[in-house]
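Below are the chains, spelled out letter by letter.
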Amino acid sequence: MEAIAIISIFVLAIFVGFEVVSKVSSTLHTPLMSGANAIHGVILVGAIIVADHSETPLELGLSVAAIILATVNMVGGFVVTDRMLEMFKGKSKDGSTKSKGDK
Amino acid sequence: MEAIAIISIFVLAIFVGFEVVSKVSSTLHTPLMSGANAIHGVILVGAIIVADHSETPLELGLSVAAIILATVNMVGGFVVTDRMLEMFKGKSKDGSTKSKGDK
Amino acid sequence: MSPFLYDLIGLLAGVCFILSLKGLSHPRTARRGNLLGALGAGIATILVFFRSENEGRNLLWIIGAIALGVVIGVPAARKVQMTAMPQLVALFNGVGGGAAALVAIVEYMKLGENASLAVVIATVFTVIVGCVSFSGSIITFLKLQELMTTAPVVFPGGRFVIAATLAGVLGVSGWVVAALGTTPLLVLALLSLIFGVLFVLPVGGADVPIVISLLNAFTGLTVAASGYVLQATLLIIAGTLVGASGTILTRLMAEAMGRSLFGTLFGAFTAKPQIGSAAAENRPVKSGTPDDVAILLNYARRVVIVPGFGLAVAQAQHTVRELADLLSAKGIDVAYGIHPVAGRMPGHMNVLLAEANVPYEQLSEMEEVNPTFPQTDVALIIGANDVVNPAAKTTPGCPIYGMPILDVAQAGNVIFLKRSMRPGFAGIENELLFDAKTTLLFGDAKASLTKVVSALKNL
Amino acid sequence: MSPFLYDLIGLLAGVCFILSLKGLSHPRTARRGNLLGALGAGIATILVFFRSENEGRNLLWIIGAIALGVVIGVPAARKVQMTAMPQLVALFNGVGGGAAALVAIVEYMKLGENASLAVVIATVFTVIVGCVSFSGSIITFLKLQELMTTAPVVFPGGRFVIAATLAGVLGVSGWVVAALGTTPLLVLALLSLIFGVLFVLPVGGADVPIVISLLNAFTGLTVAASGYVLQATLLIIAGTLVGASGTILTRLMAEAMGRSLFGTLFGAFTAKPQIGSAAAENRPVKSGTPDDVAILLNYARRVVIVPGFGLAVAQAQHTVRELADLLSAKGIDVAYGIHPVAGRMPGHMNVLLAEANVPYEQLSEMEEVNPTFPQTDVALIIGANDVVNPAAKTTPGCPIYGMPILDVAQAGNVIFLKRSMRPGFAGIENELLFDAKTTLLFGDAKASLTKVVSALKNL
Ligand SMILES: NC(=O)c1ccc[n+]([C@@H]2O[C@H](COP(=O)([O-])OP(=O)(O)OC[C@H]3O[C@@H](n4cnc5c(N)ncnc54)[C@H](OP(=O)(O)O)[C@@H]3O)[C@@H](O)[C@H]2O)c1
Ligand SMILES: NC(=O)c1ccc[n+]([C@@H]2O[C@H](COP(=O)([O-])OP(=O)(O)OC[C@H]3O[C@@H](n4cnc5c(N)ncnc54)[C@H](OP(=O)(O)O)[C@@H]3O)[C@@H](O)[C@H]2O)c1
Numbered sequence: 001m002e003a004i005a006i007i008s009i010f011v012l013a014i015f016v017g018f019e020v021v022s023k024v025s026s027t028l029h030t031p032l033m034s035g036a037n038a039i040h041g042v043i044l045v046g047a048i049i050v051a052d053h054s055e056t057p058l059e060l061g062l063s064v065a066a067i068i069l070a071t072v073n074m075v076g077g078f079v080v081t082d083r084m085l086e087m088f089k090g091k092s093k094d095g096s097t098k099s100k101g102d103k
Numbered sequence: 001m002e003a004i005a006i007i008s009i010f011v012l013a014i015f016v017g018f019e020v021v022s023k024v025s026s027t028l029h030t031p032l033m034s035g036a037n038a039i040h041g042v043i044l045v046g047a048i049i050v051a052d053h054s055e056t057p058l059e060l061g062l063s064v065a066a067i068i069l070a071t072v073n074m075v076g077g078f079v080v081t082d083r084m085l086e087m088f089k090g091k092s093k094d095g096s097t098k099s100k101g102d103k
Numbered sequence: 001m002s003p004f005l006y007d008l009i010g011l012l013a014g015v016c017f018i019l020s021l022k023g024l025s026h027p028r029t030a031r032r033g034n035l036l037g038a039l040g041a042g043i044a045t046i047l048v049f050f051r052s053e054n055e056g057r058n059l060l061w062i063i064g065a066i067a068l069g070v071v072i073g074v075p076a077a078r079k080v081q082m083t084a085m086p087q088l089v090a091l092f093n094g095v096g097g098g099a100a101a102l103v104a105i106v107e108y109m110k111l112g113e114n115a116s117l118a119v120v121i122a123t124v125f126t127v128i129v130g131c132v133s134f135s136g137s138i139i140t141f142l143k144l145q146e147l148m149t150t151a152p153v154v155f156p157g158g159r160f161v162i163a164a165t166l167a168g169v170l171g172v173s174g175w176v177v178a179a180l181g182t183t184p185l186l187v188l189a190l191l192s193l194i195f196g197v198l199f200v201l202p203v204g205g206a207d208v209p210i211v212i213s214l215l216n217a218f219t220g221l222t223v224a225a226s227g228y229v230l231q232a233t234l235l236i237i238a239g240t241l242v243g244a245s246g247t248i249l250t251r252l253m254a255e256a257m258g259r260s261l262f263g264t265l266f267g268a269f270t271a272k273p274q275i276g277s278a279a280a281e282n283r284p285v286k287s288g289t290p291d292d293v294a295i296l297l298n299y300a301r302r303v304v305i306v307p308g309f310g311l312a313v314a315q316a317q318h319t320v321r322e323l324a325d326l327l328s329a330k331g332i333d334v335a336y337g338i339h340p341v342a343g344r345m346p347g348h349m350n351v352l353l354a355e356a357n358v359p360y361e362q363l364s365e366m367e368e369v370n371p372t373f374p375q376t377d378v379a380l381i382i383g384a385n386d387v388v389n390p391a392a393k394t395t396p397g398c399p400i401y402g403m404p405i406l407d408v409a410q411a412g413n414v415i416f417l418k419r420s421m422r423p424g425f426a427g428i429e430n431e432l433l434f435d436a437k438t439t440l441l442f443g444d445a446k447a448s449l450t451k452v453v454s455a456l457k458n459l
Numbered sequence: 001m002s003p004f005l006y007d008l009i010g011l012l013a014g015v016c017f018i019l020s021l022k023g024l025s026h027p028r029t030a031r032r033g034n035l036l037g038a039l040g041a042g043i044a045t046i047l048v049f050f051r052s053e054n055e056g057r058n059l060l061w062i063i064g065a066i067a068l069g070v071v072i073g074v075p076a077a078r079k080v081q082m083t084a085m086p087q088l089v090a091l092f093n094g095v096g097g098g099a100a101a102l103v104a105i106v107e108y109m110k111l112g113e114n115a116s117l118a119v120v121i122a123t124v125f126t127v128i129v130g131c132v133s134f135s136g137s138i139i140t141f142l143k144l145q146e147l148m149t150t151a152p153v154v155f156p157g158g159r160f161v162i163a164a165t166l167a168g169v170l171g172v173s174g175w176v177v178a179a180l181g182t183t184p185l186l187v188l189a190l191l192s193l194i195f196g197v198l199f200v201l202p203v204g205g206a207d208v209p210i211v212i213s214l215l216n217a218f219t220g221l222t223v224a225a226s227g228y229v230l231q232a233t234l235l236i237i238a239g240t241l242v243g244a245s246g247t248i249l250t251r252l253m254a255e256a257m258g259r260s261l262f263g264t265l266f267g268a269f270t271a272k273p274q275i276g277s278a279a280a281e282n283r284p285v286k287s288g289t290p291d292d293v294a295i296l297l298n299y300a301r302r303v304v305i306v307p308g309f310g311l312a313v314a315q316a317q318h319t320v321r322e323l324a325d326l327l328s329a330k331g332i333d334v335a336y337g338i339h340p341v342a343g344r345m346p347g348h349m350n351v352l353l354a355e356a357n358v359p360y361e362q363l364s365e366m367e368e369v370n371p372t373f374p375q376t377d378v379a380l381i382i383g384a385n386d387v388v389n390p391a392a393k394t395t396p397g398c399p400i401y402g403m404p405i406l407d408v409a410q411a412g413n414v415i416f417l418k419r420s421m422r423p424g425f426a427g428i429e430n431e432l433l434f435d436a437k438t439t440l441l442f443g444d445a446k447a448s449l450t451k452v453v454s455a456l457k458n459l
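Chains as they are written, first to last, in the working numbering: chain A, 1 to 103; chain B, 1 to 103; chain C, 1 to 459; chain D, 1 to 459.
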């Protein structure tokens with residue numbers, strides 16, 4: 001892709017990132033941070049790409065390590081965020097089926 | 001530029017456009033519409049490009065017309081928006097130097 | 001200039017446009033936002049002369065045309081009356097759409113057989129939407145300028161004509177894609193112009209600003225499509241921004257007026273010939289003198305002033321402020337009840353009253369002021385009509401049905417300042433004019449107010 | 001799969017990420033937002049196996065590694081205590097940064113001499129920032145898990161060591177760009193790891209969440225840079241989104257805690273060895289029994305409960321709710337005063353109390369509740385310390401100076417439920433503990449509360 005296209009995408013994505021979260025209430029700071037954290041676990045895609053063309057054992061070892069780390073980041077991140085948010089949901093309902101799991 | 005780059009830019013710009021104005025108060029609807037209106041006057045750039053490579057008189061005539069229309073859109077749009085917004089600014093100051101121009 | 005540098009500076013202009021829209025969304029930064037937009041446009045315009053692919057032809061023509069555009073546009077924008085601003089915006093939008101259509105046509109002539117399918121489709125899109133935007137905007141201009149009726153124009157069988165035109169537009173689009181000639185493209189342009197007219201004619205006056213905003217978003221999209229055809233990234237970004245923000249803005253406006261966007265848009269296909277509008281009746285009304293009005297005001301504890309389009313026409317904003325100051329000095333609680341679509345553009349009343357230095361705290365939005373009407377002794381309605389018309393609540397099927405209104409009927413007394421019994425923009429009768437607690441003071445709003453003020457001083 | 005289709009589906013995943021962040025910013029849509037993010041990540045992961053440039057090598061290794069990651073990540077996330085969540089997030093962030101650095105290193109080995117200058121620079125950036133994020137996150141993890149002191153760690157001459165390391169990092173970066181070998185890159189990685197440790201050590205406990213958020217944004221940027229190196233648009237979009245939103249979030253968090261972002265970041269360079277912290281004194285305090293506390297509460301008209309980290313540790317959220325219900329039943333006005341950084345992550349207390357089904361209306365934010373303390377008879381502080389410590393207002397130079405606090409000192413009586421005289425997270429003494437109107441009830445928060453509840457029932 002041309003350099004200017006990449007730069008344009010980069011600049012526009014910055015604006016989207018800024019705008020999209022700029023009104024978040026402090027209650028959601030942690031889940032949002034955790035969710036964003038999980039999203040950057042998508043580096044897994046990069047790890048798979050490099051693993052796919054790894055030739056030496058060193059390259060393969062490093063890229064397998066990268067895949068493991070990235071998967072932990074991604075999968076763990078989404079699960080933990082969901083758990084945090086689960087706590088909020090009961091507010092509207094009676095919520096009698098909750099409050100398990102962390103004692 | 002590659003098609004996918006153009007599509008990406010298009011999609012991201014849609015999000016930026018949506019997000020950036022989504023909280024505007026109704027007081028600013030008109031100036032915002034007018035300002036956005038002026039921005040699309042940037043079609044002037046396109047009009048100049050086609051005028052630059054116009055060869056037949058028909059092409060030239062049409063593109064000169066396009067330039068005139070686009071310039072009116074752009075320049076007039078920014079000026080009229082500024083005039084609308086000028087009305088708002090006095091609120092904080094004493095504003096004794098205003099209220100001319102439209103009677 | 002190297003293409004990379006060229007594109008980079010173009011991107012900078014795009015960033016200016018983003019910041020401009022962002023600025024325009026907040027009262028404090030709105031003006032700076034507009035200036036940033038102008039800066040971006042300026043950068044883009046100068047930049048294009050340094051494009052590496054330029055052939056340098058027709059330079060004088062180009063500069064002359066720009067100069068002419070400036071000479072037409074600036075004075076028009078500078079001299080226009082505040083009351084006429086909405087139609088000017090409509091007109092500017094229309095010419096923008098027209099420009100986009102012309103650009104697409106010229107580029108198409110130029111490319112001829114070389115145009116790729118995607119380019120042809122983008123061209124067809126630009127021509128259709130640009131032309132609709134052009135002719136549609138002209139009609140909204142005529143409506144707002146009251147050069148034609150503001151009521152929905154619906155003729156028998158109208159929806160079939162519209163449907164047929166639309167079918168024609170689509171058919172000719174196919175022809176253009178298949179045959180690739182200039183003639184079909186011009187036919188397409190013509191049909192699209194007609195469609196634009198037919199599309200906007202049946203729109204009721206109250207919905208006009210929504211349509212302007214929508215056409216504005218449309219024009220943005222044509223600019224984006226032109227950017228694709230001309231391979232100008234900046235146009236893609238700027239056009240898409242306007243298209244997206246314009247769409248949201250249209251929705252917000254429709255919400256503020258309590259209209260369904262869908263209903264407005266497809267009014268063309270669903271509108272039935274008008275029922276029960278503007279039927280000039282001859283029922284008794286209670287009209288009063290300036291002294292009557294002054295007395296009512298003098299013994300009130302709370303007065304809510306409801307300004308409308310007539311206030312703008314009469315340029316009575318300074319006089320109304322004088323009245324309000326006088327009442328405040330007497331210890332009377334005064335507020336302005338601002339309907340979001342009072343006047344002819346959203347925020348119209350705020351602009352006018354700000355110009356007259358009305359203190360910001362006295363301006364109340366509809367949601368704030370409505371609950372206070374039962375505690376209000378006098379609602380003073382100055383040149384407003386539709387925004388207080390109870391038909392919006394009571395008469396399903398009337399053009400403003402569903403629009404939230406200012407609940408002035410809850411106030412102790414209602415005073416209307418208007419010139420005649422003529423209805424407002426939407427063209428429908430206002431039952432409140434005939435109500436027992438209503439007093440009418442006929443005459444130009446400014447003249448009437450001046451009389452009320454002096455009567456009040458003599459009390 | 002054709003490259004165009006591949007990229008298009010990748011863009012779809014990017015859109016999922018945008019919608020995910022958007023959803024996560026609103027309470028009602030937060031959960032759906034997170035699921036959308038997971039959907040996007042899932043799409044992206046499956047998609048990469050259909051990349052047209054794939055060589056299809058090492059497939060079993062890849063799938064095995066993913067499986068292993070899932071087996072490690074999911075149970076960790078599922079089983080962790082609510083109190084330990086912040087450190088888990090920090091850890092996840094760190095491994096993400098580590099993964100990005102590893103990807104950059106492998107790709108660099110692969111490209112060798114073929115790497116363009118821009119690619120080398122992007123690689124250097126990724127390695128530095130990824131490693132800093134990795135080791136920095138490990139340190140925050142250790143601090144939050146209390147495996148090491150939470151107080152700022154500052155050693156004499158520390159700032160010179162840090163400056164020297166930074167200079168080393170920059171110098172080696174130049175070496176990498178000039179010499180293009182694997183060795184300098186590994187040296188760079190090592191130095192960056194050290195720099196990450198040194199960077200986070202001097203950060204005071206209270207600022208740790210800000211640092212986690214910042215490192216999160218950093219990791220996002222490394223992902224974007226990797227996307228550039230690997231020519232994967234999706235990574236550019238996703239990484240930039242996280243980088244930008246993480247930066248804003250960091251600023252918002254710092255604001256909520258009343259900290260200057262700059263001060264936090266460059267704490268490393270400005271921190272002086274600690275003054276007057278944690279000096280265990282032996283001054284008299286007034287401690288009470290559960291009965292004393294019950295009586296104070298029983299005769300109050302208004303009680304504000306201030307929960308803190310200790311409430312989370314003791315898992316006392318259900319007991320506290322029981323107490324509050326009991327008080328409400330007696331006609332006492334009960335509110336919870338929630339400090340934005342009470343606990344160990346923003347929103348921690350809201351999460352805990354929501355889990356215990358505390359009615360939403362009873363939760364008041366700091367700004368709401370502070371003006372009501374003068375009308376409050378009892379402030380009941382359960383396992384909180386820093387968030388009510390007046391030193392934040394009175395002692396310039398202490399680690400929490402400038403943080404807004406809950407003004408419990410204005411209440412008629414102050415009750416602390418804690419286990420000992422030990423200070424809170426920031427490691428500083430709380431003068432309020434020695435105040436005449438303060439009563440201390442020592443013991444685990446849950447046990448103490450249970451006793452108070454039964455004492456209250458017997459009154
Ligand atoms: N704000 C927007 O965005 C926008 C844009 C376009 C359309 N609209 C539509 O415009 C309408 C606005 O409602 P509105 O209540 O403000 O206005 P309106 O319903 O149009 O009523 C204006 C009234 O002012 C009177 N008037 C006109 N000139 C006057 C003068 N010189 N002195 C005294 N009275 C004068 C007219 O009666 P006489 O002729 O008897 O004097 C008329 O009844 C709504 O239907 C709205 O949907 C709004
Ligand atoms: N929310 C965030 O985002 C976040 C993240 C990281 C750090 N922080 C920082 O953490 C601090 C939060 O303030 P805070 O007032 O909530 O907590 P804190 O200042 O850390 O105080 C917690 C108190 O709870 C007591 N405690 C601990 N376990 C207990 C138990 N089982 N039963 C009863 N009491 C118990 C402790 O005293 P004993 O040991 O004597 O019992 C301690 O005084 C602030 O400094 C904040 O900046 C916040």
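Quick caveat, the hints were computed from the structure, so don't treat them as lab data. Warning: the hint list may mix true and false statements.
To be verified - Examples of chain A residues toward chain D, derived with CB under 10 Å: (1) 3; (2) 4; (3) 12; (4) 24; (5) 30; (6) 33; (7) 43; (8) 48; (9) 53; (10) 55; (11) 59; (12) 62; (13) 82.
To be verified - Here are the simulated SDA-like pairs of lysine to any residue, each with C-alpha atoms no more than 25 Å apart in a straight line: (14) 110(D) - 23(A); (15) 23(B) - 361(C); (16) 23(A) - 81(C).
Treat the numbers as computed from the prediction; the structure is a model and nothing was measured. Idealized CB from N, CA, C, for every residue including glycine.
Against the structure, the hints:
The beta carbon of residue 3(A) comes within 8 Å of a beta carbon in chain D, closer than 10 Å, and the hint placing it at the interface holds. Taking 10 Å as the C-beta contact cut-off toward chain D, the hint placing residue 4(A) at the interface is violated, the least distance being around 13 Å. With a least beta-carbon distance of about 9 Å to chain D, the hint placing residue 12(A) at the interface is held under the 10 Å criterion. At its closest, the beta carbon of residue 24(A) sits 4 Å from a beta carbon of chain D; the interface hint therefore holds under the 10 Å criterion.
The restraint placing residue 30(A) at the interface with chain D holds, with a minimum CB-CB distance near 4 Å, inside the 10 Å limit. Given the 10 Å rule on beta carbons, the hint for residue 33(A) holds: about 5 Å separates it from the nearest Cβ of chain D. With a least beta-carbon distance of about 5 Å to chain D, the hint placing residue 43(A) at the interface is held under the 10 Å criterion. Restraint check, residue 48(A) versus chain D: the minimum CB separation of about 5 Å is within 10 Å; hint holds.
Given hint, residue 53(A) at the interface with chain D, holds; its Cβ is 5 Å from that chain's nearest Cβ, closer than 10 Å. At its closest, the beta carbon of residue 55(A) sits 8 Å from a beta carbon of chain D; the interface hint therefore holds under the 10 Å criterion. Annotation: interface hint on residue 59(A) holds; nearest CB of chain D at approximately 5 Å, less than 10 Å. Restraint check, residue 62(A) versus chain D: the minimum CB separation of about 5 Å is within 10 Å; hint holds.
Of the supplied interface hints, the one on residue 82(A) holds, with its beta-carbon coming within about 5 Å of a beta-carbon of chain D, less than 10 Å. A hinted pair counts as satisfied when its Cα atoms are at most 25 Å apart, and residue 110(D) with residue 23(A) does not qualify at roughly 43 Å. For the hint linking residue 23(B) to residue 361(C), the alpha-carbon distance of about 21 Å falls within 25 Å, and the restraint holds. Pair hint residue 23(A) plus residue 81(C) does not hold up; C-alpha atoms about 38 Å apart against a cutoff of 25 Å.
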